[in-house]
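Chemist: Chain by chain, the residues run as shown.
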Amino acid sequence: MEIGILSTSGGKQLATLTVDPNSTLKELKTQIHRLKSHLYPDRQEFRQEPRGKGLDESKTVAALGLKDKSKLYLKDLGPQIAWKTVFLTEYAGPLFVYAWIYTRPWLFYGEDAASQPMSQVSHIAAICWVFHYSKRILETLFVHRFSHATMPVRNLFRNCAYYWVFAAYVAYHVNHPLYTAPCQIQSYIALGFWTVCELGNFSIHWLLRNLRPPGSKERRIPRPTKDPLTLLFNLVSCPNYTYEVGGWVAFTAMTQCIPAGLFAFAGFYQMVIWAIGKHRSYKKDFKDYPRGRKAIIPFVL
Amino acid sequence: MKKSFPVYLSHLPSKDTLTTIQLYLQYTCNNDSFLTSLCSLVDMTSKGNPHPFVYWAQNTSHVLLRVDLKDVQEPDVQVNENHIKFVATGVGARGTQLYEFELELGANIVPVSSQYRVTARQIDISLKKQNDGWWPKLTGSSLKPTWLKIDFDKWRSEDDDEAGLDISSSKLDELDSENVVADHMSFNLENLRKTYLFVYNLWQFVGFTYIFSMLVFKYSTLGYDFIPVAYQSVHYPLKFCQLMQALEIFHPLFGYTKGSVMEPTVQVGGRSIILFCLIEAESRIQDKPVIFYLILCWSIIELFRYPYYMMRVYDKDFGIITWLRYTVWIPLYPLGFLCEGIVILRNIPFFEETGKFSVGLPNKWNFSFHFPTLMRMYLLFFFLPAMYTMMSYMSKQRQKKLQVRGDSIPSSKIKVN
Chain A
64 MEIGILSTSG GKQLATLTVD PNSTLKELKT QIHRLKSHLY PDRQEFRQEP RGKGLDESKT
124 VAALGLKDKS KLYLKDLGPQ IAWKTVFLTE YAGPLFVYAW IYTRPWLFYG EDAASQPMSQ
184 VSHIAAICWV FHYSKRILET LFVHRFSHAT MPVRNLFRNC AYYWVFAAYV AYHVNHPLYT
244 APCQIQSYIA LGFWTVCELG NFSIHWLLRN LRPPGSKERR IPRPTKDPLT LLFNLVSCPN
304 YTYEVGGWVA FTAMTQCIPA GLFAFAGFYQ MVIWAIGKHR SYKKDFKDYP RGRKAIIPFV
364 L
Chain B
26 MKKSFPVYLS HLPSKDTLTT IQLYLQYTCN NDSFLTSLCS LVDMTSKGNP HPFVYWAQNT
86 SHVLLRVDLK DVQEPDVQVN ENHIKFVATG VGARGTQLYE FELELGANIV PVSSQYRVTA
146 RQIDISLKKQ NDGWWPKLTG SSLKPTWLKI DFDKWRSEDD DEAGLDISSS KLDELDSENV
206 VADHMSFNLE NLRKTYLFVY NLWQFVGFTY IFSMLVFKYS TLGYDFIPVA YQSVHYPLKF
266 CQLMQALEIF HPLFGYTKGS VMEPTVQVGG RSIILFCLIE AESRIQDKPV IFYLILCWSI
326 IELFRYPYYM MRVYDKDFGI ITWLRYTVWI PLYPLGFLCE GIVILRNIPF FEETGKFSVG
386 LPNKWNFSFH FPTLMRMYLL FFFLPAMYTM MSYMSKQRQK KLQVRGDSIP SSKIKVN
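Quick mapping for you: the protein sequence lines, in order, are chains A and B. Here the first sequence is numbered in the numbering used here, starting from 64 and rising by one per residue. Here the second sequence is numbered in the numbering used here, starting from 26 and rising by one per residue.
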């Protein structure tokens, strides 16, 4: 049977495809890619109405109720970039930017700054920062499983700007010759807390990875395992975000630096939005989802 | 072979005339339902009952009809999958009598999920679409009735929906924030809101007219010598009106007006920073010519903006005012932006010297803020993108407001396909 493919912008006819009822939308995307070489499959999204929801590409033509001479709308999602690429670029930036500013370059501090003494906290903070972003890069390479392969290229610039500029902002203050360290006890307690949060964050990522066997699209409710750090799942839907926020709050307390606090707050704000979204979709998908769980902050939010 | 041509009628045809046209066209193009369609286009139904004015709007999941009849007790609304028929007695354009209308819909709806609500001033009908998505037109035929108009108040363009304004459960109440206040409170409170908004806009209009007139008058009498003292002579009313503008953030926030909260926040916030942090705080900038031009620019923009708002409070639309409001910004906004940029640029050395608003290291909280650096960053990285964003936003608004206007004016032109 024949399906007409129309553009979501303007509604003009892009192509007419010959398909059989059992073809999946994924196969249709491959067909269109052959006709229009710039529209690789990741860039395509099918809809039944121009402003409707995107359709799942694993669905078949028959399942969608399409008949001969039916129409489907195609949205061009714009140039795409792989999630992995985005993450690696986003995280490599802060790593190198902080490390560079740690050496107190003349560009930011003037000629004499590098030779001046640096407080112990500044050294520890640098190690923590580098460790955090190295961990993120390794997780992106080996731990995370991405449900969607790509995102629009625009996001790359926006996200990188955020990470890189904030890294410079925090690094400038913590490594400054005039930086004032808080009292040692405060720093060490905060450091301990930070360590727990980093380990906790990793435990959750590891648990989530093992929740879904590779290749399957099965969705399951995450629950605590033998690792005590995963017990947070009893209280929140997204303990990885909880630990992440906790880590940055700890970093702020350790350095007693407002720019670090602003960075923690910005991250917190964004993660609250993500956590609430995830929490809602868990509750929608699973009728037996545990009731006591909050989204990101135990008992509160 | 399909042929399309416009038919111009100088007056409403009588039923006999319509029958004659129908017979002629039946003979020539076999169109049976032509008479019904033609009658439905003009004010009368085939039974002779007038049509009320009906305003329609839509979002992704619903079609909303607003029937402009007052004091209706019990309307007779019959809905099936692609058809709606409405009969009611009420007060409309032809006084108190029986009004009715019928529409063949462009796509299918779900009758059981559709509802209507009667108020003292109108009947709101909400039809749930069978398939979510945008309807290019309301009716199935390509003929557009004169009594069916677009509801600008509720109109959500496709772009608005993309921005995620659509909420999952779009019931009547949630869509129309203005009418939530109106319909749950008495008629008097609605009146009060309109009066307040009108007075606010009028007040600001008077304020900025005063500022503008002062500048023009003094410049014409004193000449160039006036320019260094311009700020001194108008700074009190200017600061006062600027502070009052903060209310414009609360109007959409509390639902007194439609529109986004972000837009007035950015506008008012930006201008306030320029006025209070950059001009008021540094006396050395106040005698520069750019200040004179900036205040002139701001006040001229307001001279067109506030009358437009005053008009809109009472849902009036005088074409010339709308046109001016949505055209005058084209030269004035860039000019204003440029003047602001110059003010910032010229202030950088002054703020470097005084260190005002800046915080330096060392301090307990390891916080630093260097205002001149922020000013430089703004000029280098944000100035042009901000201007571009604002211009394209206004341009889109202009397209919407000046083009769509054409649809609402009733015409006796009928297109026949």
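None of these hints come from the bench; they were simulated from the model. If you're wondering where the values come from, they're calculated on a predicted model, not measured in any experiment. It is possible that some hints are incorrect.
[As the list claims (entries may be wrong)] Taking lysine-lysine pairs in the DSS-like style, the calculated list, with each CA pair at most 27 Å apart, reads: (1) A:Lys116 - A:Lys289; (2) A:Lys147 - A:Lys350; (3) B:Lys421 - A:Lys116; (4) B:Lys153 - A:Lys130; (5) B:Lys341 - B:Lys264; (6) A:Lys75 - B:Lys110; (7) B:Lys162 - A:Lys116; (8) A:Lys75 - B:Lys243; (9) B:Lys426 - A:Lys134; (10) A:Lys138 - B:Lys425; (11) B:Lys162 - A:Lys132; (12) A:Lys75 - A:Lys122; (13) B:Lys243 - B:Lys264; (14) B:Lys264 - A:Lys75; (15) B:Lys153 - A:Lys347; (16) A:Lys138 - B:Lys421; (17) A:Lys147 - A:Lys122; (18) A:Lys92 - A:Lys147; (19) B:Lys153 - A:Lys346; (20) B:Lys162 - A:Lys130; (21) A:Lys75 - B:Lys162.
Chemist: Report the numbers of all earlier hints that the structure fails to satisfy, in ascending order.
Modeler: Structure breaks hints 1, 2, 5, 6, 8, 9 and 14.
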